[in-house]
Amino acid sequence: MTTAPVRVGLVGCGRIARTHARYLKSLAIADLIAVCDPIEDAARSLAADFGIARVHTDLTRMIADDHLDAVHVVTPPATHASIAIAAMEAGVDVLVEKPMALDREEAEQMVAAARRTGRTLVVDHNRWFDPVVQRARDLVDSGALGEIVGVDVIQGAAVDEVQAITKGEKQHWKSELPGGAMHDLAPHPAYLLRNFAGPIREVKVCSIRDGDGLQEIRAVVEAERCLGTLTISLRGRPFTNTVRLAGTRKTAEINLNNMSLVVRQERKVPKLVGKVLPNLEEAAQLLTATVVNGIAFATGRQRYFPGMGILIKKFHLHLAAGTPPPTTGDEGADVVALLDALWQHVRAPERRRALG
Amino acid sequence: MIVLVTGAGGFLGGRVARKLLASGQQVRGLVRPGRTLDVPGAVPIEGDVCSADDLARALEGVDAVVHAAALVRTTGRWEEFEATNVEATRRLLAAATGRSVVHVSSLSVYAIGRDGETITEDSPYESGAEERGLYSRSKLAADRAAMEAAAAGAAVTVIRPGVLYGSGRRPPLARQSMAVSRFRLILGGGKYLLPLAHVDNVADAIALALTQPLARGRAYTIVDPQIPLSDYLSIYRSTARAGWRPLYVPTGLLMPAASLGAALFRLIGRRSPVTPHQIRRATWSARFDCSRARSELGWKPHVSLAEGLRQSVGAESITTTPALAASVSE
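Protein sequence lines correspond, in order, to chains A and V.
This note's numbering puts the first residue of the first sequence at 87, with every later residue one more than the last.
This note's numbering puts the first residue of the second sequence at 2, with every later residue one more than the last.
Honestly, the hints are just simulated from the structure, not real lab data.
Model, not experiment: these values are computed from the prediction.
Treat each hint with caution, since some may be false.
[Said to hold, decoys possible] Not everything, but these chain A residues come out facing chain V in the computed CB check (under 10 Å):
#, residue
1, Pro-162
2, Ala-164
3, Thr-165
4, Ser-168
5, Leu-403
6, Ala-407
Beta carbons: idealized from backbone N, C-alpha and C, even for Gly.
Same shape as in the complex, but just chain A (with noise of 0.2 Å):
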């Protein structure tokens, strides 16, 4: 065993495996030294595209033949809480993909878990580290937007995938959970709202199916900084994925897809100049993201959501330098509670009866 780098195995070794496997072979503090999955062939094919020289079927053997630190989980939701904590009981500190768990009962046993070993829980809410969600978050903390006095996040559906698996032509373990395709996007914006709004105390829901499933669905929350707003749209296009902070002095509207970052101000100027100055502020703003982002892509120095590349640094970051976690499993389950909420509304009896 050596000082560093952190020794990590990987759990499923599926699509999102490879994305873990990219970022942690970029990291100079942590060695992907495992891979773990029930169908061997799909651990050896990733072990294989990455140069991982050890390959598991069984979690425990991985572990302690092995002498890991550490393991992400990336598996199917379902078993992300059995895993999780028979890992973090073998002694290793776990990163779990999102959501953390299918509901908030298993969420709270993985926290107890993580508490009781003293390991680490850290789960995958990546979009938190996006940069240019990070720019909000310094907006916010600076005190530059003022008191927050609301948030409203908006995600659609970005690919036709999610319509499949919703319609059922596409058998996917996505179609097997309690939101059913949705349950994949949920965790992203729900995290995001929890964060920037506090911890949630009261959420009321309104929802609409049609004869392919659950299409779209609108949560209201009392939070503990402010009011807030979710927005998860099946149907919508183009697809929408934005936070609006609304704050006292300012207002920030982050758009993730475009990766762009708008403020707006009121500024004391004759009324004809006001209706022209906040669309060339804009327009301004905008111009500059663009400029900003093309270059970055161009010269590869940005890529489609880098936040899961930043939480998985911090991850190991924190394992390695003491510094604090990215997430923690306490927010990961007030994620999970949310999407709770989200689900029961859907299936309450009363609710069938009204769709007839």
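Here the structure of chain A is known, so what remains is to put chain V in place on it, guided by the hints.
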């Protein structure tokens, strides 16, 4: 057990003395004449580590010795370094026969053959120490003397710690850095692995080595987990709330100039202040493998980098505010 700590008035020696006292040992601290020992509970013994008589007096009735005294400077004459760091160590090793001795050495004894190399206690000694400066050269000679004594059967343990920092001593930004307005010029790239060691983590290792029979005749590298310089500096800057930004100066730009400079200085028969070897040593990083200390001593770095930075950055901000404290009390 009665333990003599040389250099007890210094940064590491003082922490070691405190640690030993806390674990129930009796501690004698050798301090230079006229200096006080700021370790409550330790018995101060005035004396010069270079004087055979003073050493003999200090060793009377002592069961074990931690040799943490050394001349740590970047300038000076070789004779001074030789007397304090090499000769005094040899004399102490000879005088302390029959007792456990922990000799505090340095990472600079290791040769780093290429960038990114993994270094263990069995890695070869630095061969270019003459080019490195007088301190490194003297620590290498002392390390050799301690290992020779160990090979001859003495109960000597050599501890080779990383760059020391901790409460009261601010950690460095890099091996070489320079402030220029709002920037800090950093020699080398952001991937460099600065080998830091928190003073309390090193004191832990020394205390463990004194009581662990396995440690006799062995050398141990003690370095905290290493993270890339760019990550380290971002933690450092956020802890210190520093306004400056790092600017990395690639060595590719400097090597030709350093080689040319070295050639010119050779022509006039003098030593260049910056040699290509020094630049390489300052920018080539090594991974220091501490698994021997972990398995044989049961050592673990208890103070994390984030915690250590909070302590040491905080300590400095306290020492720099007496004026503020005075103005508040008025």
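Here is what the structure says about each hint:
A hinted interface residue such as A:Pro-162 counts as satisfied when its beta carbon comes closer than 10 Å to some beta carbon of chain V; here the least separation is about 32 Å, so the hint is violated. With a least beta-carbon distance of about 35 Å to chain V, the hint placing A:Ala-164 at the interface is violated under the 10 Å criterion. About 31 Å separates the beta-carbon of A:Thr-165 from the nearest beta-carbon of chain V, more than 10 Å, and the hint is not met. Contact between A:Ser-168 and chain V, as hinted, is not supported at the beta carbon level, the nearest pair being about 30 Å apart and thus beyond 10 Å.
For A:Leu-403, the suggested interface contact is upheld, since its CB lies about 6 Å from the closest CB of chain V, less than 10 Å. Satisfaction of the interface hint for A:Ala-407 is found here, the shortest Cβ-Cβ separation to chain V being roughly 4 Å, below the 10 Å cut-off.
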